[in-house]
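Asker: With chain A held as given, fit chain B onto it using these hints.
2 protein chains.
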Amino acid sequence: MEQKLTQLKGILAEVSDLQGAASLLSWDQQTYMPPGGAHGRGHQLSTLESLAHLKFTSVEVGKLLDDLEPYAEQLDPDSDDACLIKVTRRQYEKRTRVPAELVAEFAQATTLAHEAWTQARAENDFARFQPHLEKIFGLRRRYADLFAPYDHVYDPLLDDYEPGMKTADVKAIFAALRPQQVALVKAIADRPEIDASFLHQDYADAGQWGFGVEVITRFGYDWKRGRQDKSPHPFTQHFGIDDVRITTRVLPDFLNPALFGTLHEAGHAMYNQGVDHALDRTLIDHGASLAVHESQSRLWENLVGRSLPFWRYFYPRLQGYFPEQLGNVDLEDFYRGINCVKPSLIRVEADEATYNMHVMLRLEIEIGLIEGSLPVKDLPEIWNARMQEFLGITPPNDAQGVLQDIHWSMGLIGYFSTYSLGNLISVQLWERLLADIPDLTDQVSHGEFTALLGWLREKIHRHGAKFEPQDLVQRVTGSKIDPAPYMRYLMKKYGEIYSL
Amino acid sequence: MEQKLTQLKGILAEVSDLQGAASLLSWDQQTYMPPGGAHGRGHQLSTLESLAHLKFTSVEVGKLLDDLEPYAEQLDPDSDDACLIKVTRRQYEKRTRVPAELVAEFAQATTLAHEAWTQARAENDFARFQPHLEKIFGLRRRYADLFAPYDHVYDPLLDDYEPGMKTADVKAIFAALRPQQVALVKAIADRPEIDASFLHQDYADAGQWGFGVEVITRFGYDWKRGRQDKSPHPFTQHFGIDDVRITTRVLPDFLNPALFGTLHEAGHAMYNQGVDHALDRTLIDHGASLAVHESQSRLWENLVGRSLPFWRYFYPRLQGYFPEQLGNVDLEDFYRGINCVKPSLIRVEADEATYNMHVMLRLEIEIGLIEGSLPVKDLPEIWNARMQEFLGITPPNDAQGVLQDIHWSMGLIGYFSTYSLGNLISVQLWERLLADIPDLTDQVSHGEFTALLGWLREKIHRHGAKFEPQDLVQRVTGSKIDPAPYMRYLMKKYGEIYSL
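These protein sequence lines are chains A and B, in that order.
Take the first sequence: its position 232, counting from 1, is numbered 233 in our numbering, and each next residue is one higher.
Take the second sequence: its position 192, counting from 1, is numbered 193 in our numbering, and each next residue is one higher.
By construction, these hints were calculated from the structure, which means they are not laboratory data.
Built from N, CA and C at the ideal position, the CB exists for glycine as well.
Check the hints yourself; a few may be wrong.
Unchecked claim - Below, a list of computed lysine-lysine pairs in the BS3-like style, where the Cα atoms sit at most 27 Å apart: (1) Lys-56/A - Lys-5/B; (2) Lys-5/A - Lys-95/A; (3) Lys-187/B - Lys-56/A; (4) Lys-187/B - Lys-378/B.
As the list claims (entries may be wrong) - Taking CB as the label site, the calculated pair distances span: (5) Asn-257/A - Glu-333/B: 54 to 60 Å; (6) Pro-78/A - Leu-252/B: 56 to 62 Å; (7) Asp-437/B - Gly-11/A: 35 to 41 Å; (8) Lys-225/A - Met-492/B: 50 to 56 Å; (9) Gly-328/A - Leu-252/B: 37 to 43 Å; (10) Lys-225/A - Asp-77/B: 55 to 61 Å; (11) Leu-252/B - Pro-253/A: 43 to 49 Å; (12) Gly-328/A - Asn-257/B: 45 to 51 Å.
Next up, chain A with everything else stripped away, as it sits in the complex:
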């Protein structure tokens, strides 16, 4: 049996190597690749991905998993090997269920849709994107139907990003969240606007970069096992536990993107760097789900990086980098400025109070489209009506409305809600952290993060993808994903900032 397990691990290691190589190709494509390389890079990525797929879905893997079933049942269910066999079987069954033609058709459709979306957004022409979006949702429905029976047709899509999570769970969470979020945003809108204009000045590239590096070094991002580069869209990419890289984007006249982007990506990267080396090259040597991943990035970006204690320590340092720009802005005003709430059109620029509203809007639309209850052609209208309802604003055009996100054009249906679930989990973890490390706030205000990172390593990171996200959150916090802590956090924070 142990020999069979070794055999299985050998195959998974090769698949992992192919995926790691593909990740590097993709990292390079987004950072350093010259434009001429694009065509060949497409071929290389597709060859690596198809070889990885063939290897993983081979009859041999199926046979090994079958043979190992009784063995796994004798193991401690929390052991690495038991989890590895369980997660691998789950993945194997999902992947082998999909016929090669559907994979190919989907790949082709998303390639064309992505091109169409790029043009449609540039020309503010939803009609151009519409048939592609219809095609993609049609193909995703066929995909979902491969996993029938299901409670909801959206379940198999969501499950790709949040293993084990159901549409009904997410709906219930969002139903509890929505009225409170809407009420909070309305209450804030009645208060005087906060002045955040100081964030929009000339901020030299070197200073923005240098400060970000200083902060994440203190966080504990391990530079021996990572690096930071620039790219148009910030991202984290891992090529194994010991090489986890981040990118950032520096705007010359706005402080937020590089600053909070760097903390955000470092949060993702420290998760990947913290996975137990015993899981190296096993395909479970990464985060448990997108939502759990986002809980880490949001925790460092928001719970730490947008908190007053954090800036008590770091604000004098930031002022040192930018004495002209920030010398006359005091700590309280800076803190209020980086936390000002303002309903806005673009999700990726939204503040903590309004962000989830953007996600809810998308979830509602995705579910309607996949159910077939919502015709694609009505999307712009519905989008704009919901924006008015949730945030009190209406996009002046579709480019800043329904066409703003890349996800649907790439076929990533079921992805958006993970952003909000990550927000919720981050505060559930934070409440637990405050209970376990009573002087955490004090530590943060002294630029001390060792205990914080140690706790996350121990409770979350080291487990990799051994546990399903709801199970992991339950193990660590005592309850499943729950919106209450997040609302408590928002109410307290903005209650103070806006004197509600």
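Answerer: Just chain B now, with coordinates in the frame of chain A:
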């Protein structure tokens, strides 16, 4: 038949994708990879290489090649398809002849030998490296014996780098070259030394980098299909015809390495960029051999970049970058300085007149070791004796003598002579160029390289690896590799510089 050819090309394309991906992994390893990534990178590279090997040496490829044999005979032998089938069959037969255990044993032996060599060189302790070198030459002899009968046991090794070339050919070429080279070096040694001290001053990084970029841009290096980065050892890496990158190394107090290194690597890179797109992803979409590749890098580095006409145009520009350092050095003195001849210990730092002597020494030793006529333990002694004989100097220690090069520790036996063959070919091409483009020298002195690059593209680059090196040189210059043009060139150039 055409369907079978398409099938074959499909497999070669996948092998090419795997090799391209492996090349990127290796490029990243030498430029940006954090130290922690080394272990995982080793696994990824080995997985990609072994998959590429398995795919290429599959029974399916053998069958397709057999089936295509009669078809290929009907084609124009110079056509892309005929050459592709011929070269692929040659490669296939060579690679399938080697048993997997020997490949594995060799991989393990070179890994250990490389570690031992690194330590041996650092500690100046040849004895530590000796058993590894014995092992490697033993394994290479077993490899060569797989290709028996041969004229000489060294032939199959040389053939890996110079397809079709024989040991006897190289020996004959070097036998003709050696006495003339030795005589030239002796004659120069009797003349007064040239002052080249101005090359050793503080040269700012940005200026060195900027000037190199300016020159190779004028050469015609295509930045849309390439880029330049820094690495400890300069190299060129291609991931397809449309992504060919170079690296350079900038020393703060010595002008030559970045300057001539950049021109050298650009020469390699323009070769790869110039291959006909019809050969893309075929495994013959790269240079014909190491020697032909080196002929391109040496042509741009030396025939162009160390010539007086070149500097007539570029020297005022270089002075513009470094007015303090070079403002008082006139063109003639600069030209003499960058061409000063001085027997030295280290091959990679050798000038044009002494370089080949370093190579001859290595070839003699390699042949002795593979024949078994030379015991490994005697290497330091033989090395030092030959250095005295060829160049009139003796290394003070083995680190600067027999241990200086990385090649043997990596099992690269048969590689060194390609450096000298490349030197010879570069001048054969240059003589032909001067016949075909009578005002070439004048063009160079005006910073005009379009006709030069166009000629190289047409005669050499576009063919990729379709032709064997001797065949290609014969087609372009009318004779096989010939040392006479190179000696004519050296005698004329140094005759003038040293008033011989």
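Asker: Go ahead and decide if the range 45 to 51 Å is satisfied by the Cβ distance of Gly-328/A to Asn-257/B.
Answerer: holds (48 Å)
Asker: Given the hinted pair Lys-187/B and Lys-56/A, is their alpha-carbon gap at most 27 Å?
Answerer: violated (63 Å)
Asker: Determine whether the Cβ-Cβ distance between Asn-257/A and Glu-333/B falls within the hinted range of 54 to 60 Å.
Answerer: For Asn-257/A and Glu-333/B the Cβ distance comes to about 58 Å; the hint holds.
Asker: Is the gap between the beta carbons of Lys-225/A and Asp-77/B within 55 to 61 Å?
Answerer: holds (56 Å)
Asker: Mind checking the hinted window 43 to 49 Å against the Cβ distance between Leu-252/B and Pro-253/A?
Answerer: Once the Cβ atoms are compared, 33 Å apart, the range 43 to 49 Å for Pro-253/A and Leu-252/B is violated.
Asker: Is the straight-line distance between the alpha-carbon of Lys-5/A and that of Lys-95/A 27 Å or less?
Answerer: Distance of about 22 Å is within 27 Å: holds.
Asker: Tell me if the beta carbons of Pro-78/A and Leu-252/B are separated by a distance inside 56 to 62 Å.
Answerer: holds (59 Å)
Asker: Lys-187/B and Lys-378/B were given as a pair; does the straight-line alpha-carbon distance stay at or below 27 Å?
Answerer: violated (30 Å)
Asker: Should the hint that Asp-437/B and Gly-11/A are 35 to 41 Å apart at their CB atoms be regarded as holding?
Answerer: violated (57 Å)
Asker: Is it true that the CA of Lys-56/A sits at most 27 Å from the CA of Lys-5/B?
Answerer: holds (25 Å)
Asker: Is the hinted range of 50 to 56 Å satisfied by the C-beta distance from Lys-225/A to Met-492/B?
Answerer: About 54 Å separates the Cβ atoms of Lys-225/A and Met-492/B, which means 50 to 56 Å holds.
Asker: Does 37 to 43 Å hold as the CB distance between Gly-328/A and Leu-252/B, or does it fail?
Answerer: holds (41 Å)
In terms of the numbered hints stated before, the structure departs from hints 3, 4, 7 and 11, listed from lowest to highest.
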